[in-house]
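Going line by line, the protein sequences match chains A and B. So the first sequence is numbered by the numbering used here: it starts at 1 and just counts up by one. So the second sequence is numbered by the numbering used here: it starts at 1 and just counts up by one.
Possibly wrong hints are sitting among the right ones.
Copies of the same chain look alike in the list, so a pair counts if it fits in one copy or across any two.
[Claimed, not checked] No more than 25 Å apart at the CA atoms, straight line, and that leaves these computed lysine-lysine pairs for DSS-like:
#	residue 1	residue 2
1	K132	K148
2	K132	K4
3	K165	K148
4	K4	K246
5	K148	K37
6	K37	K198
7	K177	K148
8	K197	K4
9	K37	K219
By construction, these hints were calculated from the structure, which means they are not laboratory data. Quick caveat, the model's predicted, so the values are computed rather than measured.
There are 2 protein chains.
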Amino acid sequence: MKFKDYIASVSRSRGSRIILALDLSMLPRDEGFWSLKERAMKILSLVSQYICAVKINMQLLLPLGLYGGVSDIVDLAHDLGIPAIIDCKLSDVGHTNLWATKHYFEAGFDAIIVNPMVGWSEGVEPVFEVAKEYGGRGVILLTYMSHKASPESYELPVYVEGGFKPLYMLFAERALKWGADGVVVGATYPEKIREVKKLLGDYIPIYTPGVGFQGGDVKNCLDAGSEYFIVGRAIFQADEPEVAAKRFRDVSWV
Amino acid sequence: MKFKDYIASVSRSRGSRIILALDLSMLPRDEGFWSLKERAMKILSLVSQYICAVKINMQLLLPLGLYGGVSDIVDLAHDLGIPAIIDCKLSDVGHTNLWATKHYFEAGFDAIIVNPMVGWSEGVEPVFEVAKEYGGRGVILLTYMSHKASPESYELPVYVEGGFKPLYMLFAERALKWGADGVVVGATYPEKIREVKKLLGDYIPIYTPGVGFQGGDVKNCLDAGSEYFIVGRAIFQADEPEVAAKRFRDVSWV
């Protein structure tokens, strides 16, 4: 099954559009560092019935490693019936992108987040090729990020084909042209979600981080056209992660 | 010692501007995978007298892991008297950038390569702060990449402060404004090196990948203003890596 259909079916069956960003953050010298993986797996198990995917980033990848590290969390996700996304924001030249993508898919990840800034040829083309080779894994493109400085770059007016457009709309167009399985647009900029949704329609779902701690609101973004919501600290730092996850799930599915 | 001075002093003392990109590439199912680290360390030892730094990317980081994985290669680099750069092209929001940077520096890396696309506030600002905390580690910004599709994004004319400029010049300006320790401009676009050099003068050195396999030429780029040359496959895939490294060193230092 193609990733886009896989996550959509999990989302429907659980009535949830919530993706858990499992970004527990510790250094080796911190107390409890050696049980980091176990805690991450415990949280994932606790909340799994309320989410449609788990997303892993450098906070876990770097201390735990890939093979035998976060790959165990990916295996657990699959046992729990949900896909796993690696949020590496890949942003390199072709041969490095190719190898990074292969490693992530070998370790079991179902989708990868990529920076469209590098362009197609010798850029993201190998990522799409490897995703196909591995039986329809997902490629999700950064389009408008959720942090404060995001407008500094993403809103730059660029001159292409005889007219102006903001850089993020060019990235959204690339997603269509390249056949991406999703785009990332931050919850903190709901008007951008609306604009990107107008272009992508029902072809490419919008993944929205920045909900909760960063101030984004699920209801607003749902109205604007987001399909999935990425929530991290507001779930895993809660006293009862499963209660927090359920609350997010309930507002995400109306 | 600040990173910029550290690498400059190693470069002077060895008469080399060559940075080894140690991008050995294998999957776990490939024969010889379990000796990947040993082979990487052997190559580094063989060529160390001819290079001024080693650069590590996803090809080694993902299979070997960070702590107890590539951190052993970083330790070896330090024993051999050369700094180690992590080429993660960090491209995330502030709290992820913060944690990734901390992990890389905890593991011993002396400098980190970052994507200026994310902007300052809640973007690369935490990277610069952590670099300072860890005693003057280096922050190097992507400015113009070496691959075929690079112009697709980096040459986009952007409209800022009442005028047009290509996106890469905006990134070069950010390097100046943010006080970066280096910028990356691909060897395959020597005219861009010249243009960036005109802006940065002697304040910020230019790091140039794409020499050798990707077709870039050291002599051209040296004339154009590059300070350091990043060479990977043309060295480590050579029958005698030390001979190849020496040859690159000799043309880099005139």
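Checked against the structure, which of the hints given earlier come out wrong? Hints 5, 6 and 9 are the ones this structure does not satisfy, whereas the remaining hints hold.
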